[in-house]
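Based on the hints, put chain B in the right spot on chain A.
Taken in order, these protein sequences are the chains called A and B.
Under the numbering used here, the first residue of the first sequence carries the number 3, and numbering increases by one thereafter.
Under the numbering used here, the first residue of the second sequence carries the number 3, and numbering increases by one thereafter.
FYI, nobody ran anything at the bench for these hints, they're computed from the structure.
Identical copies look the same in the list; a pair holds intra-copy or inter-copy alike.
Here are the simulated lysine-lysine pairs, DSS-like style, with alpha carbons at most 30 Å apart:
| # | residue 1 | residue 2 |
| --- | --- | --- |
| 1 | K321 | K377 |
| 2 | K388 | K263 |
| 3 | K321 | K388 |
| 4 | K347 | K366 |
| 5 | K243 | K75 |
| 6 | K236 | K75 |
| 7 | K321 | K366 |
| 8 | K402 | K156 |
| 9 | K156 | K263 |
| 10 | K227 | K75 |
| 11 | K377 | K366 |
| 12 | K156 | K366 |
| 13 | K75 | K60 |
| 14 | K410 | K347 |
| 15 | K273 | K366 |
| 16 | K272 | K321 |
| 17 | K29 | K227 |
| 18 | K263 | K366 |
| 19 | K118 | K244 |
| 20 | K29 | K263 |
| 21 | K29 | K156 |
| 22 | K321 | K347 |
Predicted model only: the values in this text are computed from it and were never measured.
2 protein chains.
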Amino acid sequence: MNAEIIAIGSELLLGQITNTNAQYISKQLANVGINVYYHTVVGDNSVRLSEAIDQAQKRSNLIIFTGGLGPTKDDLTKETITASVGRSLVTDQEALDSIEAYFKRRNRVMTDNNRKQALVIEGSSILRNDHGMAPGMVFKDNGVYYLLLPGPPKEMEPMFMTYALPFLLTQLDESAQIVSRVLNFYGIGESQLETELIDLIEAQTNPTIAPLAKDGEVTIRLTVKHENEVEGAKLLDELEKKILTRVGSFFYGYNETSLTKEVALVFGEKKLRIAAAESITGGLFSSELTQNPGVSEFFVGGVTCYSNEVKQSLLNVPKEVIDEFGAVSEECARFLAENVRELLKTDVGISFTGIAGPTEIEGKEIGTVFIGVSKLGEQTRIYPIKLAGTREQIQGRSVKYGLYCLLKQFS
Amino acid sequence: MNAEIIAIGSELLLGQITNTNAQYISKQLANVGINVYYHTVVGDNSVRLSEAIDQAQKRSNLIIFTGGLGPTKDDLTKETITASVGRSLVTDQEALDSIEAYFKRRNRVMTDNNRKQALVIEGSSILRNDHGMAPGMVFKDNGVYYLLLPGPPKEMEPMFMTYALPFLLTQLDESAQIVSRVLNFYGIGESQLETELIDLIEAQTNPTIAPLAKDGEVTIRLTVKHENEVEGAKLLDELEKKILTRVGSFFYGYNETSLTKEVALVFGEKKLRIAAAESITGGLFSSELTQNPGVSEFFVGGVTCYSNEVKQSLLNVPKEVIDEFGAVSEECARFLAENVRELLKTDVGISFTGIAGPTEIEGKEIGTVFIGVSKLGEQTRIYPIKLAGTREQIQGRSVKYGLYCLLKQFS
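Same shape as in the complex, but just chain A (with noise of 0.2 Å):
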């Protein structure tokens, strides 16, 4: 089945809201096997988007709408179908009880555009609206299946899961299953883990191999169509196996993770608790920890050290450390380590000093960090990395280089 996503309205091309249904239907569809090729967003004009229908009738069998089907004039998104298809509208009565109870509960008084909102395409399966009034609805027409979604993603995404991709998994064709997995990596570029991969990827079919680079990541997500899921997936450990021998120093977990729900599995299972000595991150890696839930198992809080007073004052950085080789220093991000973690009593002490700009500081260039590790009984390391980038960038990729630290040295 080949697919296509048109949305709906005028918002879309003002820039007043992101098209997120696309995204949400485009995700699920993916995770099923469906190909999607073309996302469309037209304004609430029946001549655009009657241009749009007649060319997706063209190209896919399987067009999905988004938006268009409430009750004020400008929704237009089922008359303009109808006269493509030559059907006619007709009311649905479960679906006008339903919004007529709908008024009821609010005690509202319905006004009569509502009724707008009951007409379905005739001969078209009516899926249900549990968060709204506009209903959605399915047909098939010519080899070409329409299916009618609303626009408010809180509707949509609902009816979508409950009652549009359940009715178009019976339609599909079973026999081949859909396995993927995705691979998060730190540390390497986008390019330079093509180049170490280009075999793989050039000759890749079945699996297949897709990069994908994000803040600073790169993720590379493991696809394969197989009759069996065992089998499947069997080829996948094969394909991974060959990709991890090569940049497996750089992967750091499997799917929907991210680096600070890896080093949380890590602290919470080794139950090392963990305290943070902040100054270029400014309280950053503290809030991207506490972001995920039960944090509290192992982080206990930290110091945002912002000025060299507090560096001295509250965590004890000696005078002399900072006149002779500055805040910005592998000293100063040693004595903030270790004074933190004694501070707060904790087996781990880390630390971030540096430069984020936009302007010098100390004669160094923007992007000097030094990120300190400390663990009671060990000595302590220090990690100096130059990064580059936006002021917002440079404390983003420090957090993360931080949190790619405590993994690395241990998980």
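Positioned in the frame of chain A, the structure of chain B alone reads:
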């Protein structure tokens, strides 16, 4: 000028990322009166991209491409466009130098495929990439403008604002001036704000009034078209005055500002030094403040007191307070705000304690938050709030509310 946006990237069709680029560009174009009639997404496939170009040439005179300018084999935007317009690719020496310098700065070896990023379409104006390697470009062919931008939003957005939009504006008919102004509000919902202004919104023609909700804030964009810029600005002044008479108590700043930027202005001007004690927000308040450069003038740092242990040992919250009232209490917020101010010797201390979820703590509901603001010589104020949303939203909204309290109390 009629525009359309073509985004290229299989990761979009797989639903791995959202097409935020189309939204961003559409919004900027709407502001200057350029109509966008279509968004299209195609994968890394030259046949389908080529068809999309053919179609766009027939209906638009500005085609904006995002993505596919990178170093890898599946980046084929430039190659496909040159084939379509019959031009060739040439190496841009400046871009090549800049790519080489990029690798040098990072002490990394430049792999050969990176040279591909310095290839540009013959006869185009080059748009510098200040945040990545692949340059953008723009050229006119047969009455149609082709604008090529990189895919990563962190590269695309600054390139669009700094280089592409000014270029487009010089090509536009300049007889009518567009003057626009954004008013930023916090603490009022979009629907309530619309209700307060409904008569003004319904009567709008020129200037126009466009409310937009984002991240718990609401903005109103006022836009006027006028032959004379000064006269246009006067019309905006009059409308703004009417709006602020009604909802001025929620207004906090103009145009591209943010609560953190406004707080930085106030505390910088008044030379008030501040420190933070963060429990529920886990460092997010400090991290958001320090995303802006120059905050070290007034922000010295803080303590992330994620565990009760740290609240007691480092911030001297009496054990009895935690035992009797809990860590999530007015009393605890007061001690945290006052003691972090004393510990770090600042004029102001702010504290955040609460429950972000997913589980209740101390028998208190998720979303219960206490913010304390302590000023030397003044009575400490406690702001108790109830927030809804996910864990991350509750943390984010706590920070925003804290910033808002600081603004209301000190500006």
